[in-house]
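Produce the complete structure using the sequences and hints provided.
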Amino acid sequence: MLKKIHRITKTKEIDAVFKNGRSSFDNILGVKILPAENKISRFVVVVSTKVSKKATLRNKIKRRLQEIIRLNLPKLKPSFNFFILALPASKDSGYHELKKSLLSHFKRLGVL
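Counted from 1, the sequence shown has number 35 at position 35 by the working numbering; the numbering is strictly sequential.
Don't read these hints as lab results, they were simulated from the structure.
Glycine residues also receive a C-beta, built at the ideal position from the N, C-alpha and C atoms.
Some hints here could point you the wrong way.
Here are the computed lysine-lysine pairs in the PhoX-like style, where the Cα-Cα straight-line distance is at most 20 angstroms [stated by the list, open to error]:
(1) 91 / 4
(2) 62 / 3
(3) 39 / 60
What follows is a list of derived Cβ distance ranges for each label pair [what the hints assert, rightly or not]:
(4) 78 / 20: 16 to 26 angstroms
(5) 76 / 9: 16 to 26 angstroms
(6) 9 / 39: 10 to 20 angstroms
(7) 37 / 112: 29 to 39 angstroms
(8) 92 / 38: 32 to 42 angstroms
Take a look at the structure:
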């Protein structure tokens, strides 16, 4: 799990990233980023009921994505807010597919 300083918790900040951020999408994940004023990168991971009606599966996907972020956090450029959206195809994806997809989004957006 990500430390609290690396999580976006306020709805206002989440909306700002979603509305104003640069985006990158594929069939598994969508990522939006917005430069932040603070020097710490922060994240929000969203897995909606469109992915799965089962909370256990949604939480599993969320835990996997947060672990991928945690392990790659030192490699990322600081001062960005990230909005990571799991799409319905992520339900059938394993850890390595999620990792490959997320890291490719980070490279495409120029933060890795």
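The hints, checked one at a time:
1. Between residue 91 and residue 4, the direct Cα distance comes to roughly 26 angstroms. Violation of the 20 angstroms bound is thereby established for this hinted pair.
2. Between residue 62 and residue 3 the alpha-carbon distance is near 14 angstroms, which keeps this suggested pair within the 20 angstroms criterion.
3. Between residue 39 and residue 60 the alpha-carbon distance is near 29 angstroms, which puts this suggested pair outside the 20 angstroms criterion.
4. Our hint of 16 to 26 angstroms for residue 78 and residue 20 holds, since their Cβ atoms are close to 19 angstroms apart.
5. Taking the beta carbon of each, residue 76 and residue 9 are about 19 angstroms apart, inside 16 to 26 angstroms as hinted.
6. Our hint of 10 to 20 angstroms for residue 9 and residue 39 holds, since their Cβ atoms are close to 18 angstroms apart.
7. Distance hint for residue 37 and residue 112: a CB-CB separation of about 21 angstroms, inconsistent with the stated range 29 to 39 angstroms.
8. A C-beta distance of roughly 36 angstroms is found between residue 92 and residue 38, which places it inside the suggested range of 32 to 42 angstroms.
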